[in-house]
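Trainee: Chains as they are written, first to last, in the working numbering: chain A, 1 to 352; chain B, 1 to 352; chain C, 1 to 352; chain D, 1 to 352.
No false leads were slipped in.
Cross-link-like lysine-lysine pairs, in silico, DSS-like; alpha carbons within 30 angstroms at most:
#1 D/Lys213 - D/Lys14
#2 D/Lys257 - A/Lys327
#3 D/Lys113 - C/Lys26
#4 A/Lys340 - A/Lys114
#5 B/Lys26 - D/Lys257
#6 A/Lys212 - B/Lys154
#7 B/Lys212 - A/Lys212
#8 C/Lys350 - A/Lys125
#9 C/Lys327 - C/Lys340
#10 D/Lys327 - D/Lys125
#11 C/Lys154 - D/Lys26
#12 B/Lys63 - A/Lys327
#13 D/Lys113 - D/Lys161
#14 C/Lys350 - A/Lys340
#15 B/Lys350 - D/Lys350
#16 B/Lys327 - C/Lys257
#17 C/Lys59 - C/Lys26
#18 D/Lys327 - C/Lys63
#19 B/Lys327 - D/Lys63
#20 C/Lys26 - C/Lys14
#21 C/Lys212 - D/Lys213
#22 C/Lys154 - C/Lys113
#23 B/Lys26 - B/Lys59
#24 A/Lys212 - B/Lys213
#25 B/Lys350 - D/Lys340
#26 B/Lys212 - A/Lys154
#27 A/Lys340 - A/Lys327
#28 D/Lys26 - C/Lys114
#29 A/Lys124 - A/Lys113
#30 B/Lys327 - A/Lys63
#31 B/Lys327 - B/Lys161
#32 C/Lys26 - A/Lys257
#33 B/Lys154 - A/Lys18
#34 C/Lys154 - C/Lys212
#35 D/Lys257 - C/Lys257
#36 C/Lys327 - D/Lys63
#37 B/Lys257 - D/Lys212
#38 C/Lys340 - C/Lys350
Keep in mind the hints are simulated off the structure, nothing from the lab.
Protein chains: 4
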Amino acid sequence: MMIMRRDATDEDIKRVVKEIRRYGLKADVSRGDFRTVIGLVGDERRIPFDNFSILPGVKEVVKIETPYKLISREYARASEGENGIHRTVNIGNVHIGNGEPIIMAGPCAVENKKQLYTIAEAVKKAGAHILRGGIFKPRSSVHSFQGLGSIDRKSAETALKWMRDCGREFDMPVITEVRGEDHVDLAAEYVDILQIGSRNMYNQDLLAKVGKKNRPVLLKRHFGAGIEEFLSFAEYVAAEGNKDIILCERGIVPVGKGREYTRYTLDLAAVPVVKRETYLPVIVDPSHGTGRRDLIFNMCCAAIASGADGLMVEAHYNPAEAIVDGKQTITPDELQDIIKTCREIYRLVKTG
Amino acid sequence: MMIMRRDATDEDIKRVVKEIRRYGLKADVSRGDFRTVIGLVGDERRIPFDNFSILPGVKEVVKIETPYKLISREYARASEGENGIHRTVNIGNVHIGNGEPIIMAGPCAVENKKQLYTIAEAVKKAGAHILRGGIFKPRSSVHSFQGLGSIDRKSAETALKWMRDCGREFDMPVITEVRGEDHVDLAAEYVDILQIGSRNMYNQDLLAKVGKKNRPVLLKRHFGAGIEEFLSFAEYVAAEGNKDIILCERGIVPVGKGREYTRYTLDLAAVPVVKRETYLPVIVDPSHGTGRRDLIFNMCCAAIASGADGLMVEAHYNPAEAIVDGKQTITPDELQDIIKTCREIYRLVKTG
Amino acid sequence: MMIMRRDATDEDIKRVVKEIRRYGLKADVSRGDFRTVIGLVGDERRIPFDNFSILPGVKEVVKIETPYKLISREYARASEGENGIHRTVNIGNVHIGNGEPIIMAGPCAVENKKQLYTIAEAVKKAGAHILRGGIFKPRSSVHSFQGLGSIDRKSAETALKWMRDCGREFDMPVITEVRGEDHVDLAAEYVDILQIGSRNMYNQDLLAKVGKKNRPVLLKRHFGAGIEEFLSFAEYVAAEGNKDIILCERGIVPVGKGREYTRYTLDLAAVPVVKRETYLPVIVDPSHGTGRRDLIFNMCCAAIASGADGLMVEAHYNPAEAIVDGKQTITPDELQDIIKTCREIYRLVKTG
Amino acid sequence: MMIMRRDATDEDIKRVVKEIRRYGLKADVSRGDFRTVIGLVGDERRIPFDNFSILPGVKEVVKIETPYKLISREYARASEGENGIHRTVNIGNVHIGNGEPIIMAGPCAVENKKQLYTIAEAVKKAGAHILRGGIFKPRSSVHSFQGLGSIDRKSAETALKWMRDCGREFDMPVITEVRGEDHVDLAAEYVDILQIGSRNMYNQDLLAKVGKKNRPVLLKRHFGAGIEEFLSFAEYVAAEGNKDIILCERGIVPVGKGREYTRYTLDLAAVPVVKRETYLPVIVDPSHGTGRRDLIFNMCCAAIASGADGLMVEAHYNPAEAIVDGKQTITPDELQDIIKTCREIYRLVKTG
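Please put together the full structure from these sequences, using the hints given.
Mentor: Here it is, written out as structure tokens:
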């Protein structure tokens, strides 16, 4: 990255950007409270760093060793100072990464308008901040229900409108998963946060596409991905200029023989690790991570205790009735208990 | 699946298909040498099987228990008899799954026309059957070279034309990876086999898109996927009517602490397992599976000995010069040795 | 298991035991507050259950489906009623599994008397309940320090005496690992709890040996073991009549490629899972589980939030000076913070 | 290691050994055809290498970077030259690592004399070289049959005598597993090769014990162990002066969700990797590695093709009748086919 002097002019910045492009790379201009920093997107080895260090306005040229440069703490610290090491992602009145644990709750799949509204009202009352609901459902089997969005474009649009209107009705921003490249433009018209599911974490074309939209992105870790890979793929979003990224741990593939007691292995140590490597907020999804309703309370508490900035939880007024993932879905009452306890744990841990 | 009587008329078949659609499912009509079988795409539980068994022309109604119904041995056996349990995928004069091990070789990434032609000539001489070459490269870091296809559409088209022409020149069908949904139509114009890379195995929208093209599909197992998932996602291709699927084992995520001696863990037992579960041909990619040039010979031999129908190998006249994956790339001379030995092992194992 | 009537006589019980032995199995007589239950050790299939159900004093004959029968909730519930589903392991004034989170702390390896006493005093002051210290150290390399106990018998005995005396001095029960079968008798003379390390979880001969000692046993999960295996090997201890078993989650082998950010993957969902499957208390060792001092605070909090009954933590007045595992060792001051916060989280979660 | 001059005297060697001990390490004197090399057992950092390089008879002082120094190729090359990089382990007329693939076959568990003799005769006729048979069986459940050796000492001795006599009768060396430390002395009286099972790979006290016996040792890789750990624990045997170690790959824990098609994941790339890291022979056990009789043929062929020096296979005249592991057991006829094909593959691969 090129760290500019505090008195660097717009002219100086433009010149550096132009030079970077001349070598076939893209420039990421980050104007912080502290100073302006210009990140590099592409193969740094092509850049003659010495030549840059003598350009007007350039204070210092620093190489970031990880493949996730633009989302690294080091990069934020350079432009924002120590305050920059934790970014708050703001969506309306909701501030992820600041002040209290943010709860995203709602049905696994949006089934119909009434189901959505009933659940939305209940989770709002329980204390949730953001409404989640699956419209384009990724499924392991082509023979399973793939969400209303997979029927046809009209159904997709209808369901998206329900989400938008329901969010307004209950004063919650809304989030939904975009599963394929074709969903991005459409979903971005209606929802506040675009979610990339675990199965698509490695889908770099999709990541680039959501990175170009003016919407916060929630990126779930792939269940086979190491942390370095997770962050390297988040970098695909950041490389498009979008740093409003919320990272989500949701469990990794189980190891070992025999009976599976949980769907995945929730890797909670990833939470403090990621928070030390990047400035991005991190949330946890214990619903998919465990697949078991009876473990959600404990694993929500543990997630917040591990340092998470929030939770994503599947809730339904009648879990047994849910078309998808009923086994891991809790009731609004259970959600309320969780939110109450998690708030206290959050306070204890952040000040502890 | 609905197994039709041998004397079932087209009328009978149409009626069954129509009935299936009436319940919101799609029908897969498989007219075998033995008899016609009609598979179901969608949630079977909606179907009143008893009602179907009494329709004219229906011999028997059978439920297939796995989520990979259309690619199961059971389904092929019903329409083709015992001969159906091994499908040969034919691409011009090349027959995968029949007679000899098929070798797909070429550079990891297509870099320029000369590089491609030089390698193609060499691998052809060494005995390879199909030319591989990466144009849209999936990469772990946004800061790495993403292939000529990722620069712009014109570069993509140029590289694809090189592939097509080079294949014709040296009489080899060509294969390239389609990384994003936008690549499918374009690539299908120029190449003979569409490859879905490991990172995209779970990308069901991409799978559906290639399934609609009239091209054989090579599907690599995701490195975090169990076999059941691997086959369930292959089913997404088959569900579009395309059964010309070649499955490829390329290594799974390493388990355990400490130094990594290989890039992934090549799961060769998956080869005979998959060949018992489905009728599809299976190949192995030891280049990505091990990441080590000095292991390629042994692991190619082991792959064929495990029952594989072919191999995908990265070869380059000067591996040290390759922009991508030089460490795992072998020379045409090494390839020739491998092909020679593998042919003999293939013969021993198939008749052993 | 054979559930006896509340009015069953000693005679009745003896008769059932004798009958069980006649079929080549061992009997585990569990006299609970509620009723007496007789468990079976060995291959149940040899037992003609019908014949037993008509013996005098037998109320009911029930087959437990898991391989971990004697430590299952079901078994405890039968003899103790609902109160039996959580066992408290008592060591002097310390009660694991009841009332507050129990902290086992101390040096990774006992290095000398002064080091041990200094650390013991400090961790006691910080609020720890039990003193840990390694004397027989399992090590990945034969070329590393294996603990004082591995030098010769005299050194082992000296170190064990330090432990015993130090525990008395600071009023803490003491725990040490027995690595080989030869260590069991010796260690049992001096320490209060016998620890089986992760690497020895599958060592059934060692488990049987500690099971015969009149000492609580702390069993760590092997880092390659599924939960079913973990519990099945705990059963080897219980089969010798010793139910004072404390189970310890300490991380499983990492999955995935690339840089390792933590030594192992702490599987915290295993805590509530194990507590639902058995009646045994569960603790967590975040020191080995993460291998990183900067993650210990968060992961201790998360462990307690997940439902753990206690923690095992490596502490040293000067971590940089520790011969073994300094990187994951915290100071007594850090320990004090952890204990304080964990107590509050424990209270929140248990009553939440 | 200290590489001695070819004209170094016994006096020189003794002096170096004495010096090494003075620093608290043990010396491993390796008198090769090429020259004498003195390895170090213990923490090298304590040794002032410069002081050693000027001792009489010392040619060169070299640090080996891996934790598996005494079994490294580098160590063997220093004393034996290039010929030393492949060691042949000789047991009577059987030479493992030289000339042909060595087959160890027999029942999973020795059940009675007749069963053992019948199987021994059949596997000998099929072409096997070494008779295997389990007497001390490691089992996941305390409620399962643990082998005749676990009943009492007398049964153990009887079964061991059967093994010894049966081996003599059919002119095959015999191998059995020693599961606990108490089994070592006893088993060493009767069998030719002492086997350490997968579950005990990390049991360093047991490894040290078998290392002291004058018997070749077969060490199975633990199913949760990386290769570096595997070799580091083999070093525990070598550190006792015993280099007649046969390494055995037998599958690692499965990764990923869903149905398990094989018991473990056979990591065949470990074979050529280990053969490049050490001079020890490597064999493969596809019976435990796959757990499926129908995969044994292919996986035996693949193991030999990957470069293995031999195989361990469970065989029984009537697999369905076997008390333990019948599902993965093949018949002598199947074994004969395997041996025949594997011999040809071995020849192809070694000369290929």
